[in-house]
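> Following the hints, position chain B against chain A.
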Amino acid sequence: DTGVSQDPRHKITKRGQNVTFRCDPISEHNRLYWYRQTLGQGPEFLTYFQNEAQLEKSRLLSDRFSAERPKGSFSTLEIQRTEQGDSAMYLCASSWVAGLPDTQYFGPGTRLTVL
Amino acid sequence: RKEVEQDPGPFNVPEGATVAFNCTYSNSASQSFFWYRQDCRKEPKLLMSVYSSGNEDGRFTAQLNRASQYISLLIRDSKLSDSATYLCVVIYTGTASKLTFGTGTRLQVTL
Chain A
1 DTGVSQDPRH KITKRGQNVT FRCDPISEHN RLYWYRQTLG QGPEFLTYFQ NEAQLEKSRL
61 LSDRFSAERP KGSFSTLEIQ RTEQGDSAMY LCASSWVAGL PDTQYFGPGT RLTVL
Chain B
1 RKEVEQDPGP FNVPEGATVA FNCTYSNSAS QSFFWYRQDC RKEPKLLMSV YSSGNEDGRF
61 TAQLNRASQY ISLLIRDSKL SDSATYLCVV IYTGTASKLT FGTGTRLQVT L
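Chains as they are written, first to last, in our numbering: chain A, 1 to 115; chain B, 1 to 111.
Simulated from the structure, these hints should not be mistaken for lab results.
Just so you know, these numbers come straight off a predicted model, no measurement behind them.
You may find that some hints are simply not true.
[Stated by the list, open to error] With the C-beta cut set under 8 Å, the calculated list includes, among others, these residues of chain B facing chain A: (1) 43; (2) 46; (3) 59; (4) 99; (5) 102; (6) 103; (7) 104.
[To be verified] Per label pair, the in silico range of CB-to-CB distance: (8) A:84 / B:41: 17 to 23 Å; (9) B:20 / A:60: 30 to 36 Å; (10) A:39 / B:80: 21 to 27 Å; (11) A:30 / B:17: 39 to 45 Å.
Even for Gly, the Cβ is constructed at its ideal location relative to N, Cα and C.
One chain only, chain A, in its complex shape (with noise of 0.2 Å):
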């Protein structure tokens, strides 16, 4: 499967408790998306990549939150002493910029649950 890959797919912490997720984009994007998406929303812009650099970070990006992209493939997301407000799908896309507007390509999302 050459799609973008998320793992795990679901995670139960508890309350304080940090967790890492990782994405793994389609071979040879350069760009990395996170969005996240509660129940009854659309996503919602997080951060991302162009290859290992950060460009931009959104304001819902708290200091608990932190993501890496360290050579440019697969990507890792942490959010450090999790709330219940951090429940939430985590979903990663990843595309090919060449000037024009690129198409997204999602994977299937890690699904948290925070206790």
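Same frame as chain A, now just chain B:
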């Protein structure tokens, strides 16, 4: 006010019906427009881009009215498999292809 607004529905229509969804966006500095489809508990998938001249893909027709900041999606001859949430998506100029989603409109096609 949300940047991209949609009627959340649900729209319940019989098979074979024609259904239309509307979407309005607040930022006039908008560059690109899309409709995504999202099945229950799945990731969003691109349905179609929306162009000023209007565009059609089989049973699906998308329209854009920049003056009114309004986007529409028309589905003709609805199928059971069209049941999903349809997300209106905007990219604002200078935002590096960051997608701004509406809340989605849920469609349920019934026998």
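> Next, verify each hint and record whether it holds.
Here is how each hint holds up against the structure:
About 4 Å separates the beta-carbon of residue 43 of chain B from the nearest beta-carbon of chain A, less than 8 Å, and the hint is met. The beta carbon of residue 46 of chain B is positioned within 8 Å of a beta carbon in chain A (closest approach about 6 Å), and the interface hint is therefore held. With its C-beta approaching chain A no nearer than about 21 Å, residue 59 of chain B sits outside the 8 Å limit, and its interface hint is violated. For the restraint placing residue 99 of chain B at the interface with chain A, the shortest Cβ-Cβ distance is roughly 6 Å, inside the 8 Å limit, so the hint holds.
Because the beta carbon of residue 102 of chain B sits about 5 Å from the nearest beta carbon in chain A, less than 8 Å, this interface hint is met. Checking residue 103 of chain B against chain A: minimum C-beta separation of about 5 Å stays under 8 Å; hint holds. With 8 Å as the threshold, the beta carbon of residue 104 of chain B comes within range of chain A, its nearest partner Cβ sitting at about 5 Å, so the hint holds. At about 20 Å, the CB distance of residue 84 of chain A to residue 41 of chain B agrees with the hint of 17 to 23 Å.
Between residue 20 of chain B and residue 60 of chain A, the C-beta spacing of about 32 Å keeps the proposed range 30 to 36 Å intact. Distance hint for residue 39 of chain A and residue 80 of chain B: a CB-CB separation of about 24 Å, consistent with the stated range 21 to 27 Å. For the pair residue 30 of chain A and residue 17 of chain B, the supplied restraint of 39 to 45 Å holds, since their beta-carbon distance comes to about 42 Å.
Hint 3 alone, counting from the list given before, is not met by this structure.
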